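A.B. asks: Letter by letter, the chains look like this.
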Amino acid sequence: MRALWTIFRRDLVLLVQGAPGRGGAALPLLFFLAVAMLYPFAVGPDARLLARTGAGVIWVAALLAAILPLDRLVEPDLEAGFFDQWALRGISEELLMLLRILAHWLSFGVPLMLAAPLAAGLLGLDGAQLWTVELGLLLGTPGLAAIGVTIAALTAGLRAGAALGGLLAIPLAVPLLIFGAGSLQPSGEGGLLLLAASSIAALAIAPFAAAGAIRAGRE
Amino acid sequence: MQPCRLAARDLACRRGDRLLFKGVGFELQSGGALQLAGPNGIGKSSLMRILAGLLRPYAGQVEHDGLRALSDERPALDAHRPLGEALDFWRRIDRAGEARADFGLQDLLDVPVRFLSTGQRKRAALARLAASGAQIWLLDEPLNGLDKHWSTAVQAAIEAHRAQGGIAVIASHQPLQLQALRAVSLLDHMA
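Taken in sequence, the protein lines are chains G and D.
With the first sequence counted from 1, adding 2 to any position gets you this note's numbering.
With the second sequence counted from 1, adding 311 to any position gets you this note's numbering.
Honestly, the hints are just simulated from the structure, not real lab data.
Please read these numbers as outputs of a predicted model, since none were measured by experiment.
Each residue gets a CB set at the ideal place from its N, CA and C atoms; glycine is no exception.
Wrong hints could be hidden among the right ones.
Said to hold, decoys possible - Label pairs and their in silico Cβ distance ranges: (1) G/40 x D/370: 58 to 68 Å; (2) G/81 x D/340: 29 to 39 Å; (3) G/96 x D/334: 28 to 38 Å; (4) G/219 x D/328: 17 to 27 Å; (5) D/474 x G/33: 28 to 38 Å; (6) G/136 x D/316: 51 to 61 Å; (7) G/97 x D/413: 28 to 38 Å; (8) G/112 x D/313: 39 to 49 Å; (9) G/172 x D/476: 51 to 61 Å; (10) D/476 x G/206: 38 to 48 Å; (11) G/206 x D/316: 37 to 47 Å; (12) D/403 x G/44: 45 to 55 Å; (13) D/418 x G/166: 42 to 52 Å; (14) G/191 x D/420: 26 to 36 Å.
Work out the full structure, taking the sequences as your base and the hints as a guide.
C.D. replies: Here it is, written out as structure tokens:
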């Protein structure tokens with residue numbers, strides 16, 4: 003138990019603070035805000051148009067921000083031999099991956115939720131819409147984190163891992179995007195429920211898929 | 312230290328569609344040491360990973376009583392962290408006592424791991440292994456990058472570990488000065 007706590011703390015510090023060559027939690031966050039800031043420049047200052055499309059932009063930005071740190075989620079530790087050393091100590095890969103999903107979520111999902119009011123202001127969303135966006139991010143980002151860690155484990159060690167990871171993660175994240183952005187439509191209350199369901203499904207599968215990928219990579 | 316045992320029976324290893332070796336077998340009891348020899352690419356590191364349980368053998372099996380620890384070319388220490396913190400991470404996970412051998416790292420504990428030389432990094436990896444409290448040491452090229460002084464010191468540490476009842480398996484193409492050292496040459500087991 004204490005070993006797991008030690009590992010989780012290291013995961014979290016590495017993902018939040020970053021390390022040379024790893025970048026921290028600031029990068030996805032700045033990316034997210036940059037998209038929210040650029041969008042009004044691109045489509046013009048029509049407040050009605052911005053308010054109607056803004057929430058969708060927030061979701062696209064969140065998805066892309068989740069993909070940014072993919073190449074440093076698993077690869078550096080695999081490369082440095084950490085996973086082998088944990089395996090020698092009998093620590094299950096499933097647990098390690100669950101911890102990493104949690105750390106990844108804390109390092110990108112929570113900052114995005116904190117930045118969402120700012121993005122909502124830039125895009126001219128009203129209070130009710132912001133509330134729905136926040137709720138959607140709370141339900142959806144754990145799923146994004148789960149998909150991210152799974153893809154990172156699958157592509158770790160591959161030569162074009164980073165680019166491939168992005169391409170693989172996007173289709174898997176499409177349901178989260180559809181339900182997340184859809185929950186903002188006037189009749190979209192069911193969207194949040196479906197969002198939560200897809201998020202839970204991703205969370206349930208991810209630790210096992212990612213652990214299997216790590217083990218298969220040893221062969 | 313608890314008595315320990317490591318036995319390999321009729322091990323074979325396949326990488327890709329190439330059979331690297333077959334029929335490798337040995338048994339080590341507490342205090343035993345074995346050197347795996349053979350030229351580059353013959354499968355020493357693969358055999359080490361099989362003995363560590365990280366790689367499935369193509370045939371045969373490995374039996375072990377006691378904890379195993381592996382030191383290979385990847386030190387599993389955070390490159391950007393000071394050496395002391397990087398080692399403490401594993402010490403907290405292993406919850407073993409203070410290491411008996413510190414491999415002359417006392418003065419380097421404040422230095423980030425990425426600034427260490429090859430030999431210093433090797434000694435750091437060995438210190439991590441020694442501090443783990445595992446009985447069965449699996450050492451893949453432990454003397455690589457070490458100068459004469461530290462090469463002797465590391466072998467002394469292996470002897471001390473054996474005297475306490477531990478087992479050491481060493482993959483190395485350098486001659487080792489260890490008491491009652493058994494040897495397996497993978498050249499004899501080429502497929």
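A.B. asks: Between residue 403 of chain D and residue 44 of chain G, does the C-beta distance stay in 45 to 55 Å?
C.D. replies: 50 Å, holds
A.B. asks: Can you tell me whether the CB distance of residue 81 of chain G to residue 340 of chain D sits inside 29 to 39 Å?
C.D. replies: Given a distance of about 36 Å, which is inside 29 to 39 Å, the answer is holds.
A.B. asks: Is the gap between the beta carbons of residue 191 of chain G and residue 420 of chain D within 26 to 36 Å?
C.D. replies: Cβ of residue 191 of chain G to Cβ of residue 420 of chain D: about 58 Å, so the range 26 to 36 Å is violated.
A.B. asks: A range of 39 to 49 Å was offered for this pair. Does it hold for the Cβ distance of residue 112 of chain G and residue 313 of chain D?
C.D. replies: 45 Å, holds
A.B. asks: Hint says 37 to 47 Å; check whether the CB-CB distance for residue 206 of chain G and residue 316 of chain D agrees.
C.D. replies: Since the Cβ atoms of residue 206 of chain G and residue 316 of chain D sit about 40 Å apart, the hinted range of 37 to 47 Å holds.
A.B. asks: Quick check: does the Cβ-Cβ distance between residue 418 of chain D and residue 166 of chain G fall within 42 to 52 Å?
C.D. replies: 44 Å, holds
A.B. asks: At the C-beta level, are residue 40 of chain G and residue 370 of chain D separated by a distance inside 58 to 68 Å?
C.D. replies: Once the Cβ atoms are compared, 60 Å apart, the range 58 to 68 Å for residue 370 of chain D and residue 40 of chain G holds.
A.B. asks: Has the hinted range 28 to 38 Å been met by the Cβ atoms of residue 97 of chain G and residue 413 of chain D?
C.D. replies: Distance hint for residue 97 of chain G, residue 413 of chain D holds at roughly 31 Å.
A.B. asks: Do the beta carbons of residue 96 of chain G and residue 334 of chain D sit within 28 to 38 Å of each other?
C.D. replies: 35 Å, holds
A.B. asks: How does the Cβ-Cβ distance of residue 172 of chain G and residue 476 of chain D compare with 51 to 61 Å: does it lie in that range?
C.D. replies: Once the Cβ atoms are compared, 55 Å apart, the range 51 to 61 Å for residue 476 of chain D and residue 172 of chain G holds.
A.B. asks: Honestly, do residue 474 of chain D and residue 33 of chain G meet the 28 to 38 Å range at C-beta?
C.D. replies: 57 Å, violated
A.B. asks: Is the distance from the Cβ of residue 136 of chain G to the Cβ of residue 316 of chain D consistent with 51 to 61 Å?
C.D. replies: Distance hint for residue 136 of chain G, residue 316 of chain D holds at roughly 58 Å.
Violation of the numbered hints given earlier is confined to hints 5, 14; the remaining hints are satisfied by the structure.
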